[in-house]
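S.K.: Chain by chain, the residues run as shown.
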Amino acid sequence: MLEIKNLSKSYVPGKKAVNDLSLTIEAGEIFAFIGHNGAGKTTAIKSIVGILDFDSGQILLNNIDVKKNPIAFKQMIAYIPDNPEIYENLTGLQFLKFVGNIYKIPANKQKEDIVKYAKIFDIYDQLGDLISSYSRGMKQKLSLISAFIRNPQLLILDEPFVGLDPFAASKMKELMKEMASKGSIIMFSTHVLEVAEKFCDHVAIIKKGKLIKYGTMAEVKGDKSLESIFMETVDNE
Amino acid sequence: MSSLLNVIWITILEQFKINKIFSNKNILVKVIVGLLAIIIIASFGAMIGLMYYGVAVMTFDYYGIEIVVSLALISGSMILLITTISKANSFLFRAKDFDFLASTPIPTRNIVSAKILAFIISNYFIFLLAYAPMIVVYAMFMQTSVTFYLLALVIFIFMPLLLIAVFSFLSYILASVLSRFRYKNLIAIIGYSVLIIGVLLVNFQTSSGEQNADVFISMNDKLKFIYYPAFFAKEAILGNNTRINILIFFALNVIPFMIFIFITGRIFVKINTTLGRNAASRKMVESDFQSKQTGMIKELFIMETKRFFSIPIYVVNAGLIKVMGPIMIIMMRSQMKDIVSSVDQDVVVLLMAAVLVFTVGITSTTSSAISIEGKSFWIIKSSPIEPKQVFIAKILLDVVLSAIGGVISIILLAVLYNVDLANLMLITLLYAAMALQNAVLGLVVNLRFPKLDWDLPVRAIKQSASVFVNMIIGFLITIILVVIGYFTIELLGSILLVYLFTSLTLLLILASEVWLLLRFGTKWYNKIKV
Numbered sequence: 001m002l003e004i005k006n007l008s009k010s011y012v013p014g015k016k017a018v019n020d021l022s023l024t025i026e027a028g029e030i031f032a033f034i035g036h037n038g039a040g041k042t043t044a045i046k047s048i049v050g051i052l053d054f055d056s057g058q059i060l061l062n063n064i065d066v067k068k069n070p071i072a073f074k075q076m077i078a079y080i081p082d083n084p085e086i087y088e089n090l091t092g093l094q095f096l097k098f099v100g101n102i103y104k105i106p107a108n109k110q111k112e113d114i115v116k117y118a119k120i121f122d123i124y125d126q127l128g129d130l131i132s133s134y135s136r137g138m139k140q141k142l143s144l145i146s147a148f149i150r151n152p153q154l155l156i157l158d159e160p161f162v163g164l165d166p167f168a169a170s171k172m173k174e175l176m177k178e179m180a181s182k183g184s185i186i187m188f189s190t191h192v193l194e195v196a197e198k199f200c201d202h203v204a205i206i207k208k209g210k211l212i213k214y215g216t217m218a219e220v221k222g223d224k225s226l227e228s229i230f231m232e233t234v235d236n237e
Numbered sequence: 001m002s003s004l005l006n007v008i009w010i011t012i013l014e015q016f017k018i019n020k021i022f023s024n025k026n027i028l029v030k031v032i033v034g035l036l037a038i039i040i041i042a043s044f045g046a047m048i049g050l051m052y053y054g055v056a057v058m059t060f061d062y063y064g065i066e067i068v069v070s071l072a073l074i075s076g077s078m079i080l081l082i083t084t085i086s087k088a089n090s091f092l093f094r095a096k097d098f099d100f101l102a103s104t105p106i107p108t109r110n111i112v113s114a115k116i117l118a119f120i121i122s123n124y125f126i127f128l129l130a131y132a133p134m135i136v137v138y139a140m141f142m143q144t145s146v147t148f149y150l151l152a153l154v155i156f157i158f159m160p161l162l163l164i165a166v167f168s169f170l171s172y173i174l175a176s177v178l179s180r181f182r183y184k185n186l187i188a189i190i191g192y193s194v195l196i197i198g199v200l201l202v203n204f205q206t207s208s209g210e211q212n213a214d215v216f217i218s219m220n221d222k223l224k225f226i227y228y229p230a231f232f233a234k235e236a237i238l239g240n241n242t243r244i245n246i247l248i249f250f251a252l253n254v255i256p257f258m259i260f261i262f263i264t265g266r267i268f269v270k271i272n273t274t275l276g277r278n279a280a281s282r283k284m285v286e287s288d289f290q291s292k293q294t295g296m297i298k299e300l301f302i303m304e305t306k307r308f309f310s311i312p313i314y315v316v317n318a319g320l321i322k323v324m325g326p327i328m329i330i331m332m333r334s335q336m337k338d339i340v341s342s343v344d345q346d347v348v349v350l351l352m353a354a355v356l357v358f359t360v361g362i363t364s365t366t367s368s369a370i371s372i373e374g375k376s377f378w379i380i381k382s383s384p385i386e387p388k389q390v391f392i393a394k395i396l397l398d399v400v401l402s403a404i405g406g407v408i409s410i411i412l413l414a415v416l417y418n419v420d421l422a423n424l425m426l427i428t429l430l431y432a433a434m435a436l437q438n439a440v441l442g443l444v445v446n447l448r449f450p451k452l453d454w455d456l457p458v459r460a461i462k463q464s465a466s467v468f469v470n471m472i473i474g475f476l477i478t479i480i481l482v483v484i485g486y487f488t489i490e491l492l493g494s495i496l497l498v499y500l501f502t503s504l505t506l507l508l509i510l511a512s513e514v515w516l517l518l519r520f521g522t523k524w525y526n527k528i529k530v
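Top to bottom, those sequences are chains P and F.
Start counting the first sequence at 1; every next residue gets the next number (my numbering).
Start counting the second sequence at 1; every next residue gets the next number (my numbering).
To be clear, the hints were calculated from the coordinates, so they are not data collected in a lab.
Heads up, a few of these hints could be off.
Said to hold, decoys possible - 27 Å max Cα-Cα, derived BS3-like pairs, lysine-lysine:
| # | chain 1 | residue 1 | chain 2 | residue 2 |
| --- | --- | --- | --- | --- |
| 1 | F | K87 | F | K270 |
| 2 | F | K87 | P | K16 |
| 3 | P | K67 | F | K96 |
| 4 | P | K111 | F | K17 |
| 5 | P | K104 | F | K87 |
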């Protein structure tokens, strides 16, 4: 279970990028985090994964605090940023093996999963090439593979659909569903509301750092579309 | 492999592009570039070695090899200091892989250790230039043993640690303070400029009125005050109380370094968050939206200028020296006041003109003007802009910077040295020819060797093939000018003709560069992969 309690973060004094955000996401949930540009989604996500030093609040994954025990916390997660900066001068395989090693995945399992996911995402033949030669979509696929081989309890992605071809996006959703069915939490931010509506069982709408709506997809949208709810919420607040 | 070794391995692979170096692509080009790099580095090393040798010859009878050892340690420390200040933040605290590494279960102290290790390795290469020639000169003058070489190796390994610890921390504090200011780039540019001009002034002050050997002897006497740990390193190398001195040297470097790693490891995320902060934004006002429609080249030039001043390291490396002419003239006047009366005024002015041409020809903004576009190059490439308009805007920035330094310098020459009109006009012609030639050369070379895939601007500005090739060609042009100048004086005995012939040579070179740019520039530009 991921618990976010009263999370606040300011970059500039007096201006909160995230303001008293509280959320609880249960194991197995697929959770969409939506909001307009600059709403505070990335700040919240970066705080959750422990790469941003937030001002106040608490973030717990399975009762492990990201601030008090960051290593144990991070051992359970995989994070893919919106524009994954991967080591350009490494080959795809070197990068994946590096991730496998730091997550202490046994060599056999590493090999098995790397081959499996690389074939699923259709970049197996390019794993020996330098990452600098990859397209944006290929880099995104490589990042996803690096996340899937970790088998994380929390998979957190910032705009994961950007740059992916429809085939890869479909495969990604399939794999995320499979992970969620095994008890992992999948949390991602997106601007593609149709995808969020069809794919996620829970949703949160954030505006100017504050949580505006939060609940199951059915609770939040009722009999309307997520897009109309989002537009109403953003216009009204 | 432990997570520490893993991060170290990956950081080194990434940082030093090991995969690219050992790939089978473009082997011939790699061999040629490698050989050229070795020749140039060896030449630098040989020049430094010759200087040490000269100092040793002058001082050996009274001081033994002590002065050379001090000189090498001081020069090495200075080089380490400058590289640490200029690179530490981007290398250690604002690395692009921070988001990825910090989100993994690698302890932050391991990330910090790996980053610092890669930083130290890159510093060793530079430190070696000042240090290795000293070992050679030492071996030429003294009996050496295995112990000496071991000691020299230990000192080489540990020498950068204290400097890196202290100045990385200071550099973080400075960047952290600057991040609160809206005009942080301007403050950084002024700070760097003051530092560089200050170092130049101190250098001129200390050497005025003294012979070089005296300066080196005086530096040796003050070694403890100049750089405290270097004193113990010197004593250890010279065999004075070796064990105690090497222990003190070791402790002075290692203990602060361990403290630095410990503290940085604990606050690494905080440091990165602090440095990523921006100053309070200003509310837009109506006038911000008003803008006149300007011509394409003017628009591009404004953009070029804004980008130039938004990257302090670009200004310091590619622009500052261009406006240093007036400062050099004033400094040299005070330096040479004792000899001015005994030397022909025309020779002094020739020397000043040579310095001016050097300042305008040593760097150019254009040699990295394409590279600095980086991953945003698609913006201009996909816009309805003629490549030639882009070229003009880029050349214009370099020329304007040169012109600022040039105009003030020429006025100073006229006022301080009463240079007559004919000389003044020819010096202006020479200066202008060099400025234009250098600007066009930089662009031509950068179009051939663009480097858009950089992570830090410093890699485009200082560490690209374009800058390297530009430097070599600039070096060759300087040799040609010196040879022409020498033979003109030897054969014709006229300084006016030196100005004229060197200017004409530069204009010829400029014409060929312009031809290259017009003939192939657009083709090269279009071929650049975005």
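S.K.: Now look at each hint and say whether the structure bears it out.
M.R.: Right, here's what the structure says about each hint:
1. F:K87 <-> F:K270: holds, 19 Å
2. F:K87 <-> P:K16: Violated: K87 (chain F) and K16 (chain P) sit about 32 Å apart, past 27 Å.
3. P:K67 <-> F:K96: Holds, at about 22 Å.
4. P:K111 <-> F:K17: holds, 25 Å
5. P:K104 <-> F:K87: violated, 33 Å
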